[in-house]
Amino acid sequence: MTSLPTTIQDVFNEPGCARNASKSKVERKNGCTKQLKPGGAAGGCAFDGAKVALQPFTDVAHLVHGPIACEGNSWDNRGSVSSGSDLWRRSFTTDMSETDIVFGGEKRLYRAVKEITEKYNPQAIFVYQTCVPAMIGDDIDMVCKAASAKFGKPVIPINSPGFVGSKNLGNKLAGEALLEHVIGTGEPDYTTSYDINIIGEYNLSGELWQIKPLLDELGIRILSCISGDGKYREVAYSHRAKAAMMVCSRAMINVARKMRQRYGIPFFEGSFYGIEDTSDSLRQIARMLIESGAPAELMERTQALIAREETKAWAAIERFKPRFAGKRVVLITGGVKSWSMVAALQEAGLEIVGTSVKKSTKKDKERIKELMGQDAHMIEDMSPREIYKMLKDAKADIMLSGGKSQFVALKAAMPWLDINQERCHAYMGYVGILKLMEEIEKALYNPIWDQLRQAAPWDEFDRNLQARTAAQMHAQAPDPVRDPSRNGVRTISFSNQAEVSEGESAIAAHGPKLAEPNKPCTSSSGRCIACKDIPSDLQPPALQAAE
Amino acid sequence: MAIVTTSKKACSVNPLKMSQPIGGSFAFMGLRGAMPLLHGPQGCASFGLTLFVRHFNEAVPMQTTAMSEVATVLGGHENLEQAILNIYNRIEPEIIGINSTGVTETNGDDVEAFIRLIRQKHRQLEKLPLVYVSTPDFKDALQDGWGKTVARMIEVLVTPFDPARPRDASRVNVLPGCHLTPGDLDELRTIFEDFGLKPSFLPDLAGSLDGHIPDEFTPTTIGGIGVDEIATMGQVAWTIAIGAQMRRAAETMQVRTGAPFRLFERLCGLIPNDEFMAFLSQITGRSVPSKYRRQRGQLADAMLDAHFHIGGRKLAIGAEPDLLFDLSSSLHEMGAQVTAAVTTTNSPVLQRVRTEDVLIGDLEDLEELARTRDCDLLISHSHGRQAASRLNVPFFRVGFPMFDRLGAAHLTMVGYRGTRDLIFDIANLIITDREINHRPTPDSWRFTNSGLQVVSPRLH
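Listed in order, the protein sequences are those of chains U and Y. Note that the numbering used here has the first sequence beginning at 1, numbered continuously upward. Note that the numbering used here has the second sequence beginning at 1, numbered continuously upward.
These are computed hints drawn from the structure, not numbers from a lab. No experiment lies behind these values; they were computed from the predicted model shown. Incorrect hints may have been included.
[As the list claims (entries may be wrong)] Reference excerpt, derived from the structure (chain Y facing chain U, CB under 7 Å, subset only):
no.: 1; residue: C44
no.: 2; residue: F47
no.: 3; residue: N86
no.: 4; residue: P272
[What the hints assert, rightly or not] Using 20 Å as the maximum straight-line C-alpha spacing, the simulated DMTMM-like pairs for lysine to aspartate or glutamate come out as follows:
no.: 5; chain 1: U; residue 1: K389; chain 2: Y; residue 2: E216
no.: 6; chain 1: Y; residue 1: K8; chain 2: U; residue 2: D418
no.: 7; chain 1: Y; residue 1: K9; chain 2: U; residue 2: E98
no.: 8; chain 1: Y; residue 1: K8; chain 2: U; residue 2: E118
no.: 9; chain 1: U; residue 1: K37; chain 2: Y; residue 2: E92
no.: 10; chain 1: U; residue 1: K395; chain 2: U; residue 2: E441
no.: 11; chain 1: U; residue 1: K389; chain 2: Y; residue 2: E81
no.: 12; chain 1: Y; residue 1: K314; chain 2: Y; residue 2: E333
no.: 13; chain 1: U; residue 1: K392; chain 2: Y; residue 2: E216
no.: 14; chain 1: U; residue 1: K107; chain 2: U; residue 2: D76
no.: 15; chain 1: U; residue 1: K395; chain 2: Y; residue 2: D215
no.: 16; chain 1: Y; residue 1: K9; chain 2: U; residue 2: E441
no.: 17; chain 1: U; residue 1: K37; chain 2: Y; residue 2: E81
no.: 18; chain 1: U; residue 1: K395; chain 2: U; residue 2: E318
no.: 19; chain 1: Y; residue 1: K121; chain 2: Y; residue 2: E81
no.: 20; chain 1: Y; residue 1: K139; chain 2: U; residue 2: E98
no.: 21; chain 1: U; residue 1: K231; chain 2: U; residue 2: D189
C-beta atoms are modelled at their ideal positions from N, C-alpha and C, and glycine is treated no differently.
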C-alpha cells in the first residue's frame, strides 16, 4: 500500500501522457497540476474528479467520508445511465459533525459501512476521502480493510481529498485506486478472443448504447467499461480483455497504460464522436483484436459494417448541408472533444471558427491542426467577456460548450448547445452525430433569436424623446457659451466619470448623451455601465469552471 | 406540538441538507456588485456554484481561495490575501463576501485578523467592504449560513443610527429568509409599494437572480441591494423579518439602529396574510388597497375549490425548518395531514409544526416514513425525485435546489396570490395523479379478507 504523496508523484510522472513526456526532468518533478490561483480559480477538486470517474459504476455504494458539503451539495448531478442497479444514484455520506472532528471520524465511517451493508448489501463500497478527515488524520485505508474483513465484501478506499489538486488529478487517483484494489481481483466465467475494455467512457445520456449494437453485431464483447454502466465484477476481471480503447484522452491514461504494462492489454486512444472517428475506432478495435489472436475475418466484417453505416449516415447528413452552409461554430470544451467534435461538425458543412484547447494534450492540438489547418483558431483561455463580445459581434452563429458557460452565449442572444456532462442528448456513433446535427439545426433556426435581438419598443421612444429635448435646448444655446471651459461643467460622484451640468453648455458639449450619465447607478445592474470602463481580462468563475 | 428528534444513523443516505457556507454565499448573491468568496479548497466553491447554476439557470459569481494541502498546513492568510487582491484588481467588486468552510475552520484560521492585516498592508483596499462570516461545513445547514451572514452584513455595513433622531416613516427594511424566491420578493415589493412604502430588501435576490438579461457581461452579481443603500437601513421606521431564521438579523438591526422589528414566521396562507395586511395598514395608516381585498376573495374561493382534493391527503414533507413550517402549516390549514416531516437543522419553529414528530434527518428517512405511513404526496427539493418515483406518489418540488424543472426563481408562495397559486398547483397535481394512477377497475371494490374497502387500493 503506497502513501498518497507517492501515488500523486507517480501519477504526475505518467509516461503515457504526451504533455508529461515532453517536459524536462525538473518540470516533471513539479507535477502537472497548474498552481491554482486564489480568487481566480474554479473547477472541481480532486475529490470531484475521483467521484466523477467512478460514480457511473452502478452496483456500488459510493460513500463520501466528510462534512455535508462534499456530498450534500453535489449528489445526483451527472447524466450517466444504468441498465440495471440504481444504487449508484443514491447518496451516502458520513455527514461529519463537530464531535467527529474533535474525536476522529473513523468509528463513524466504520458504522456507516455497516449500515450500508445491512440495508443495501451492495457488490462493493467505495469510500471517498475528503479534506477534513484527511486533515484530522482519519485512516480510511485501515477502516476499509477492517470493514472489508468483517463484512466479507470489497470496501475500497479512494484516497482523493479535494485539496491535493484538480479534478483531473482526481480522475487519475480514482484510476490508481482501481488498479490497486479492484482490477485483477476477479475472473470472468469465460473469455473470448473478442473481449475489449472501454476506458474513460461514462455512458452519459446512454451514449454507450449508441455504440454497443455495432459491437454486438461484430461479436465484440465489452468485457468491462470503466466506468459507464459498469459493474464491480466486470472491473475486477477486466484484466482478461484482449484490447482496450481509451475514450477520454486525459482522465484515465494511467489505467490504460498500467493495464498494458501489467497484463499486456494493448490500447489505443479513440473517439466515437463523428462518422469518420467512429469508423476509425471500430477498425482499430478490430485490428487490435486480430493482433491479439482473433480471426482475420473480423476486419472484413468490420469494414462491411462501416461501409453500410457510413453510407446511411452520409445520406442522412445531406439534408443538413444547405441549412448549415455558412454557419459558424465556436467550440468551448475540453480534451478529446476539442477535435473529435470538430471533425463531426465539418462533416455537415459547418465552419468552425474557434475551438478551446485548455484541457487538450499536445496530441489533441495536432489533431486540431490536421483538421482545421495550420491557422486553426485555438482558444487557449478566453475570458467570458471576450467570448461574449465575439458572439455579440456575430463572429459566430452558435456556441457549443459545457453547461456552466452557457449564459455567456444565451445572454448575448446567441444559439447554444450543451455538449458536456449535463446535456440530455446522446451524440455518439453514427446515430449520435445525426442527433447532434438535429439539435444544432433546431437551435440555429429557432424563431426566438430574431425576437430577442430586437430592442424593447420603449428604447427608441426614449431616444427620440431625448434627441428632441436636446435639440430644443441646443437651439436655444447662444454660440459663445458653447465652450465648456467657460462655464458650468462639473463632476459629481455618482460614479467615476459621470459628468453633470447645470448649464446649457454642457448639453451643447455632450449632446443627447447627457441623459445617460445623469442617471444614478440603479440597482438593476452591476454598475453604471454607461460611465465606467471595465477591464477586459476578467475571469469570472462561470467560464473557468466550464470544461 | 411536534416532538423533534435527530436521526441516529452514522451514514446519511440521500441528504436533504446542504452546507452552511453556500448558504452564506447565497446571501451575498443578493448584494449588488458582489463577489462571494469561499475560504477553502476549490471544490467547495465549485460544488456550490454548480448547484446555484443548475437551480437558477444563471451565471453565478462565486470564487475560492483555492486552499491546497500545503496552504492548509501553513494557514490560509496568504491565499486569502491573494484571492482578495486578485478579485479586487480584476473584477473591481463593490463588496467581497467571505465565508469559511470545513477545512479552514478545522484549521482554526483567524480570518478577521487576516483581514485586518491585509487591509493594513494594502491601502487600496481601505474602502472595499469585506464581510466575513464563520460558517463551518460540519455544523448547521444552509438556512443557518444565510441567517448568520445577513446578521453579519448588518453589523458591518449598516451605519449606526441615533434612536433619538426622527425616522423615515416611508421606508421599511425587509429581511427575507432563504426560503423566499425572487418571485416571492417581487410579490412582497409590490405589496409594500401599494401601501406607499419604500422597501429595502437585504438580501435582494430579486434584483440579481430573477433571470433578467443585463446589457453587459458582468463578473459580479448583476443586481441586488447596493452597499450604499444598506448603510442607510438604520433610518427606517420598521424592520420586517420573514422566517424564524431571520430573527438574529432583525435583532442585530434593532440593537445597532434602534429600528423596531416585526417577525413574520409565515407568509403563506390566509391567516398569516391577514396579519401581514393588518400590520402594513397599521404602520402606514392606510386602508388595505382594494386589489388585496379582491385577492383575498380569490384565495378564499381557491380554498373552497381545492379542499376537496387536498383535504385528507397524507403529506410527506422534507424541507429546511422555515419552509417546512410555512408550507406544512398552510397545507394543514387546507385539511391535509402532515404525516411525515423531515428537516435539516434545529429551529424554534419545529415544535410548532402541526404533526406528531419532526425528524432532523435525510431523504432516506423521509422515504421510509412516507412508505410506512402511506403518504400520498411527497414534497421536497429536487433530490426527492428518486424517492417519489420509487414510492409512485405525486411529487411537488419546493425550495432549493430545483434543478430538474424550470422557473425555480419564480415559484411564488407568499401573499394571497402566491398562496392561491400554490393551492391550485398542488390540487392539480393530485387530480392528475388520480386520473393516471387511481382509476377504478372492476376489481377495485371486490371483497377482500381485510374487510370493507372504502377507498380504491393504492397501486404501488
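Results for each hint:
1. With 7 Å as the threshold, the beta carbon of C44 of chain Y comes within range of chain U, its nearest partner Cβ sitting at about 6 Å, so the hint holds.
2. Checking F47 of chain Y against chain U by beta carbon gives a least distance of about 4 Å; that is within 7 Å, so the hint holds.
3. The restraint placing N86 of chain Y at the interface with chain U holds, with a minimum CB-CB distance near 4 Å, inside the 7 Å limit.
4. Interface restraint check for P272 of chain Y: the shortest CB-CB distance to chain U comes to about 28 Å, outside 7 Å, so the restraint is violated.
5. Restraint check for K389 of chain U and E216 of chain Y: satisfied, since their Cα atoms lie roughly 9 Å apart, inside the 20 Å limit.
6. This hinted pair does not check out: K8 of chain Y and D418 of chain U have alpha carbons roughly 42 Å apart, beyond 20 Å.
7. Among the hinted pairs, K9 of chain Y with E98 of chain U is consistent with the structure: their alpha-carbon atoms are about 16 Å apart, no more than 20 Å.
8. The suggested pairing of K8 of chain Y with E118 of chain U holds, with an alpha-carbon distance near 15 Å, which does not exceed 20 Å.
9. Restraint check for K37 of chain U and E92 of chain Y: satisfied, since their Cα atoms lie roughly 17 Å apart, inside the 20 Å limit.
10. This hinted pair checks out: K395 of chain U and E441 of chain U have alpha carbons roughly 18 Å apart, not beyond 20 Å.
11. A C-alpha spacing of about 31 Å is found between K389 of chain U and E81 of chain Y, which places the hinted pair above 20 Å, so the restraint is violated.
12. For the given pair, K314 of chain Y sits about 13 Å from E333 of chain Y by alpha-carbon distance, which is consistent with the 20 Å threshold.
13. Between the alpha carbons of K392 of chain U and E216 of chain Y the distance comes to roughly 10 Å, so the proposed pair stays at or under 20 Å and holds.
14. Taking the CA atoms of K107 of chain U and D76 of chain U, the gap is about 27 Å. The hint is violated against a cut of 20 Å.
15. Between K395 of chain U and D215 of chain Y the CA atoms are separated by roughly 19 Å; this keeps the pair inside 20 Å, and the hint holds.
16. With a CA separation close to 51 Å, the supplied pair K9 of chain Y and E441 of chain U exceeds the 20 Å bound.
17. The hinted pair formed by K37 of chain U and E81 of chain Y meets the criterion: a straight-line CA distance of about 11 Å does not exceed 20 Å.
18. Simply put, K395 of chain U and E318 of chain U have alpha-carbon atoms about 25 Å apart, too far for the 20 Å limit, and the pair is violated.
19. As the CA atoms of K121 of chain Y and E81 of chain Y are separated by approximately 10 Å, the hinted pair is consistent with the 20 Å bound.
20. Among the hinted pairs, K139 of chain Y with E98 of chain U is consistent with the structure: their alpha-carbon atoms are about 6 Å apart, no more than 20 Å.
21. For a cut-off of 20 Å, the pair hint linking K231 of chain U to D189 of chain U stands: about 15 Å separates their Cα positions.
Hint compliance for this structure: hints 4, 6, 11, 14, 16, 18 are broken, all remaining hints hold.
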